[in-house]
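Asks: Okay, here's what each chain looks like letter by letter:
There are 2 protein chains.
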Amino acid sequence: MPFDLIQGAAVIGQSGGPTAVINQSLVGVVEALRGADAITGILGARNGVRGMIEGRFVDLSACSSETLEQVAITPSAALGSSRDKPDRAYCEKIFEVFEQRNVRYFFYIGGNDSSDTCRIINELSDDAGYELRCFHIPKTIDNDLVGNDHTPGYPSAARFVAKAFMGDNLDNASLPGIKIDIVMGRHAGFLTAASALARQRDDDGPHLIYCPERPFDPERFIADIDRVYSSKGRCLVAVSEGIANAEGEFISAMMSGAGEKDAHGNVQLSGSGALGDWLANLVKIELTPKGGKPPRVRADTFGYLQRCYPDASDIDQAEARAAGAKAAEVAMSGDKDGSIAIQRISSHPYKSALKVLKLTDVAAKTKHMPDEFITDCGTNVTDKFIEYAKPLVGALPAVGRV
Amino acid sequence: MPFDLIQGAAVIGQSGGPTAVINQSLVGVVEALRGADAITGILGARNGVRGMIEGRFVDLSACSSETLEQVAITPSAALGSSRDKPDRAYCEKIFEVFEQRNVRYFFYIGGNDSSDTCRIINELSDDAGYELRCFHIPKTIDNDLVGNDHTPGYPSAARFVAKAFMGDNLDNASLPGIKIDIVMGRHAGFLTAASALARQRDDDGPHLIYCPERPFDPERFIADIDRVYSSKGRCLVAVSEGIANAEGEFISAMMSGAGEKDAHGNVQLSGSGALGDWLANLVKIELTPKGGKPPRVRADTFGYLQRCYPDASDIDQAEARAAGAKAAEVAMSGDKDGSIAIQRISSHPYKSALKVLKLTDVAAKTKHMPDEFITDCGTNVTDKFIEYAKPLVGALPAVGRV
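Line by line, the protein sequences give chains R and L.
Residue numbering for the first sequence is 1 to 402, as defined by the working numbering.
Residue numbering for the second sequence is 1 to 402, as defined by the working numbering.
Just so you know, these hints were derived from the structure itself, not from any lab.
Please note: incorrect hints may appear among the correct ones.
Pairs involving identical chains hold if they fit within one copy or between any two copies, as the list cannot separate such chains.
Unchecked claim - Distance condition first, Cα-Cα at most 30 Å in a straight line; then the derived DSS-like pairs of lysine-lysine:
no., residue 1, residue 2
1, K384, K284
2, K293, K85
3, K93, K232
4, K367, K351
5, K85, K367
6, K85, K232
Being a predicted model, the structure only gives us computed values, none of them experimental.
Input sequences plus hints: build the corresponding full structure.
Replies: Pasting the structure below:
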């Protein structure tokens, strides 16, 4: 070994909301670690850090390449996921288990909460004097990790959202009315913005797009819809689940009272149609002419399908795989810790590369849509956003019209 | 001409909720009518009967084959749809327009309400002494037309539901909890039952399936979920939007008060997440242990994506096309009216044929899931249903596991 690589087992965990390609990263790590001299075993932790403290591991080195390739193209976390946020006591338990099994390499695939988990474990292992090399592999459909052009998982979710809006735009054109679709994305509007990729003609929806990066004002919302509906006779609207008022309070939280919170303090936004229904009802009430018939208003909340529908983007699959492999490679080249990040080299033709960031540069930080991606009116995306997102999602079906 | 075929124009309309393959039927009619001696023009009515009384037509004979082929694979009604239910006065207006344009062939693509529209226009044209040949081409994701093995539109919607449950089952396995998914289907459970096609292993969800064919009892529902959740630590549930109590009242209508109704008297069930949220809340309240933490309960309502997501089943595309062509062929062979129906010849290998039913045999009737498709416990489907539905949806992705 060219470096002072400590010999030991590797543990891989998956964390946070699953994606369509999170298993590509898992398989990327496993395939790249196989045969490395320093690696005495490759363990998959069931349900992230939770499986680590409970000693629930699967021997991934025993898996055939055929099995791994099938796992790679399967959506959602094959090892199971977790939303636990380890504190010092939790981490000490992890180290106990790691020591027993001589685990020296820790790979954690997840979003910003998970990168923070990775950072905490890294720091506590230093404090505990336990030599552990910690690498974070990015994953989030929200696309909100700093230092990344985009994150694995986002292109596939964006592909689903674009195709869903393409179909829903045709549906709305055929039976005209006001249709509101709620899209995932807690603090960042990237996924909601991807609805714009559905457009092929000027009159295609979504006609209005509401991202969390702009304060949401119900009165303005009604006026926007009224304007579009009056001129086009229909209106398709994309709304992020994470829209908040000027004070930064989630509209969905205001509406339903104090919602459920997870260990990271995140309010539950998904898994409920309440925000869409509330907005639809508001529009129906406000836009019903005096003594007249209410407009046809419907709301759909795309929900968990956005992160697990089995139709991943090809680029996403390849990049998620490469990100996993990169983490294993830098670990084997002697690096002690870091977070893998995708950098864009060019959009035409699309080309990306991977680099390694410091864990502290990524952990628990949130990237938002840059201003140049949102139009001045605040309810549409710019050509720059389209140029950014279009290469990621892969080919979309063409629409025929008569 | 071998028969006494009246010379005139043909009008084609699309009606009711659109599907992913309704345009295949449209193109099937157009292509089969082209060049027929009796046909002086092929008109597409915008928004079904509504466009007919308003004289909004598009000249389909002017469309290139290339355009038509692109339209054929595009989801949702390319001509626009309608939910109008013509009465005598409405039909007289239609005849006026038809007479002006010498329309003698009427093709209407739609579900059971639309077949009834077709029947009414047919009877009123007889009464009015206006020679008009009326053909109904089946379409409905609900799959509830009598006399049909299944209806165009259902296989593609079933494919979406199966893939959605496949992904959601993996999501639920990775972050365990109770997940309720609401599936379209006003009176028939065929689409909800298609969720079972997602299963590849014994422990895969959906673990419980609630169709409108069995009375829905909230207490029983809670007990069912409790049993599954206690033994598996998770529970994925498929619920039809059309579930009703023993008195036949929609649960969603009881819950939200009197809902919106369309011209056919149908209560609005889709375009709202209220039923799923109500059920999820009920489960959360009932299954929270005294002084303990509530279980993780989420609900998604698949909504309009089920009928318009651009990923149609191959068999569905071919059969919808053939059903349109068949209607044109029987019209050109001298038949006066009828409704096209798919008959199954065999499941292994899958083979179907088309026949012509009387309009009165199909119109405004509803087919339900046969008893042999539902297990005795009422919360699962039988192998017979799987054998019935599996060939229709096309290949589904295989799942890899570690």
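Asks: Hint by hint, say whether it matches the structure.
Replies: Outcome of the hint check:
1. Taking the closest pair of Cα atoms, K384 and K284 never come within 30 Å of each other, the shortest separation being 34 Å inside a single copy and 44 Å across copies.
2. For the homomeric pair K293 and K85, the shortest alpha-carbon distance between copies (18 Å) is at most 30 Å, but the shortest distance inside one copy (51 Å) is not.
3. For a Cα distance limit of 30 Å, the shortest separation of K93 from K232 across copies, 26 Å, qualifies, whereas the shortest one inside one copy, 61 Å, does not.
4. In this assembly of identical chains, K367 and K351 lie within 30 Å of each other by CA distance solely inside one copy; the values are 21 Å within and 53 Å between copies.
5. In this homomeric assembly, K85 and K367 come within 30 Å of each other (Cα to Cα) only inside a single copy, at 20 Å, whereas the closest approach across copies is 51 Å.
6. Taking identical chains as interchangeable, the C-alpha atoms of K85 and K232 lie at most 30 Å apart only when they sit on different chains, with a minimum of 24 Å there against 48 Å within one chain.
Of the numbered hints listed earlier, the single one contradicted by the structure is hint 1.
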